[in-house]
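Work out the full structure: start from the sequences and follow the hints.
Just so you know, the protein sequences line up as chains A and B, in that order. For the first sequence, the residue numbers in my numbering are 1 to 114. For the second sequence, the residue numbers in my numbering are 1 to 113.
Mixed in with the good hints there might be a few duds.
Using 16 angstroms as the maximum straight-line C-alpha spacing, the simulated EDC-like pairs for lysine to aspartate or glutamate come out as follows [claimed, not checked]: (1) K112/B x D85/B; (2) K14/A x E79/A; (3) K100/B x E59/A; (4) K100/B x D56/A; (5) K42/B x E71/B; (6) K42/B x D38/A; (7) K100/B x D97/A.
Since the hints were made in silico from the structure, they are not lab data.
Here is how the chains run, residue by residue.
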Amino acid sequence: NAGVTQTPKFRILKIGQSMTLQCAQDMNHNYMYWYRQDPGMGLKLIYYSVGAGITDKGEVPNGYNVSRSTTEDFPLRLELAAPSQTSVYFCASSTRDLRGSGYTFGSGTRLTVV
Amino acid sequence: AQSVTQLDSHVSVSEGTPVLLRCNYSSSYSPSLFWYVQHPNKGLQLLLKYTSAATLVKGINGFEAEFKKSETSFHLTKPSAHMSDAAEYFCVVSPTGGFKTIFGAGTRLFVKA
Chain A
1 NAGVTQTPKF RILKIGQSMT LQCAQDMNHN YMYWYRQDPG MGLKLIYYSV
51 GAGITDKGEV PNGYNVSRST TEDFPLRLEL AAPSQTSVYF CASSTRDLRG
101 SGYTFGSGTR LTVV
Chain B
1 AQSVTQLDSH VSVSEGTPVL LRCNYSSSYS PSLFWYVQHP NKGLQLLLKY
51 TSAATLVKGI NGFEAEFKKS ETSFHLTKPS AHMSDAAEYF CVVSPTGGFK
101 TIFGAGTRLF VKA
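Printed below as a string of structure tokens:
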């Protein structure tokens, strides 16, 4: 049972480059989320999705885009990478009412922009 | 409006002594409350959750938390710390429905031998 799978685990980008962080879940969860975690801070919500074809902005969406073409996949796109986007990114999924284990998190992507 | 405050950024205990990690919250709703643990370079793992059933919630690895509505608190405790408990702990508050979740800033637990 894989849960939530994120790739890559680590990446170094140059300023201005773009990349896509991949996230896939196999629990048939409707809700999926992207968070970023900065040192000494809690997790900040970037984008979320309540089902295939439906996405919405979270607290810190600037500089990112998402899509949700299937229930399983929720990729996060960084356009024109900036040093402020250096962070650890977590993808998560859940049922609508957070039954069971609440949120299931991936193991994270550590991104450095230089 | 919702908020969550973890009252200590760092807590240090000796192995075998009790652990107390404090969390206060505010919410306009009857929230769901969670504690998650994050070991270094790992994702977050659910320790326990409160969803309006019993106010004393037992979780994994001997942790438990008590929901006190009058004090708007959801403190995490463990009777006896183990070296493997050293990690960062997040208190999380969420209204029923998932995406308006707020994470606390985290409490780093150090366990001394």
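When the structure is checked against the list of hints, which entries are broken? Sort them ascending. 5
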